[in-house]
Amino acid sequence: MSPLLEKWKDYFQKPDRITRRVFVAAKGCCAIEVENLIASTYDIQRLGIDFVQDPRSASLMIVSGWIDDSFADEIIENYAYLEQDKKVVAVGICSVAANIFYTEKKIRLADLVPVASYIPGCPPRPEAMIQAILNLDVPAKKTKKMTYLSEVMKSNG
Amino acid sequence: MSIVKRGNLKNSWYLPAILSGLGITFKNMILNLFGKRKMLTLNYPEEKYEYSPRFKGSHVLTVKKDGSIRCTACMLCATNCPADCITIIASEHDDPSVEKYPIAYEIDTLRCVYCGFCEEACPVDAIRMGPEWQMPGINGANFVHDIRQLAKRPNLKGGVVSVLDEEERHKAGI
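One line per chain: the protein sequences are A and B, in this order.
Residue numbering for the first sequence follows the numbering used here, starting at 1 and increasing by one per position.
Residue numbering for the second sequence follows the numbering used here, starting at 1 and increasing by one per position.
Careful, some of the hints might be misleading.
To be verified - Here are the simulated distance ranges between beta carbons:
{"no.": "1", "chain 1": "A", "residue 1": "Lys7", "chain 2": "B", "residue 2": "Phe26", "range": "55 to 61 Å"}
{"no.": "2", "chain 1": "A", "residue 1": "Gly48", "chain 2": "B", "residue 2": "Asp94", "range": "56 to 62 Å"}
{"no.": "3", "chain 1": "B", "residue 1": "Lys152", "chain 2": "A", "residue 2": "Gly48", "range": "33 to 39 Å"}
{"no.": "4", "chain 1": "B", "residue 1": "Ile30", "chain 2": "A", "residue 2": "Leu5", "range": "33 to 39 Å"}
{"no.": "5", "chain 1": "A", "residue 1": "Lys106", "chain 2": "B", "residue 2": "Leu22", "range": "51 to 57 Å"}
Derived from the structure by calculation, the hints contain no laboratory data.
Note that the structure is a prediction, hence the values are computed from the model and not measured.
Each residue gets a CB set at the ideal place from its N, CA and C atoms; glycine is no exception.
Model the full structure from these sequences, guided by the hints.
This is the structure in structure tokens:
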């Protein structure tokens with residue numbers, strides 16, 4: 001490689017971050033934290049991530065808030081409209097586990113669509129959402145499967 | 001309803017309005033270039049936000065001065081938890097002055113709402129809400145935190161030592 005190219009090598013390398021257009025289906029009090037992402041303090045447009053209005057031009061969907069029947073239909077419809085390399089991020093425990101603030105039924109987001117990343121918290125910090133979106137590009141580490149006491153106690157009754 | 005637009009001398013000249021708008025843009029650009037400390041935007045992966053000391057983050061199990069866990073397995077936090085996310089298994093201790101201690105303490109972070117009721121219920125200052133925010137993870141990551149992660153994770157640098165005096169606690173009968 002010529003010395004000139006070696007000097008400018010960083011500019012020809014493959015970027016470690018992928019540009020993402022995000023469709024936001026946010027509801028409840030986590031929606032306020034999701035809207036903080038494009039506000040001035042955590043400006044995610046400098047990381048190459050932007051919010052769009054149309055699911056047909058987005059490849060990532062952020063879902064937050066409690067899920068009832070009408071919102072479940074909306075999520076399934078919008079997931080079908082997403083671009084290829086579809087990914088869904090679940091924000092907050094309402095959509096992750098449907099734990100205590102559910103309304104009619106306990107519907108988790110993982111029951112409806114495949115979820116790529118979970119963000120626990122009630123509500124989570126905006127940094128956690130940025131970290132989750134950036135970690136989607138990093139290949140997953142293979143971790144050892146652990147057995148937890150809570151699972152053992154559930155199976156034993 | 002009809003709107004009548006009457007052109008006067010002030011409206012017909014558009015150039016001063018454009019220049020005044022550009023003036024605001026350049027003023028903010030120069031302020032951000034030379035006064036970086038006053039800039040609102042946080043360069044997140046490089047800079048970190050400074051939280052106040054009362055921030056309710058992920059849980060910390062405090063340790064005694066000899067490094068063992070302070071928790072006495074009284075199950076008050078698991079009873080008070082509205083999200084039902086704490087699992088404790090107690091066992092007898094070899095030391096006769098210690099009644100019992102937890103052999104397993106697990107918190108399911110996907111169910112936890114970070115309300116801080118466990119911290120309020122604890123009589124011996126064994127569990128605290130720490131300064132770190134909740135960590136996200138991809139599907140299949142480790143979300144159920146056990147004792148090793150709650151009390152001895154590397155970010156805590158050897159664990160948080162509680163200042164509660166052991167003798168005073170025994171005198172009060174806790």
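Status of each hint after checking the structure:
The hint said 55 to 61 Å for the Cβ distance between Lys7/A and Phe26/B, and at roughly 33 Å that hint is violated. The beta-carbon spacing between Gly48/A and Asp94/B, approximately 57 Å, falls within the hinted interval of 56 to 62 Å. With their beta carbons about 37 Å apart, Lys152/B and Gly48/A fall inside the hinted range of 33 to 39 Å. About 36 Å separates the C-beta atoms of Ile30/B and Leu5/A, a value consistent with the hinted range of 33 to 39 Å.
Evaluation of the 51 to 57 Å hint for Lys106/A and Leu22/B yields a pass: the beta carbon distance comes to about 55 Å.
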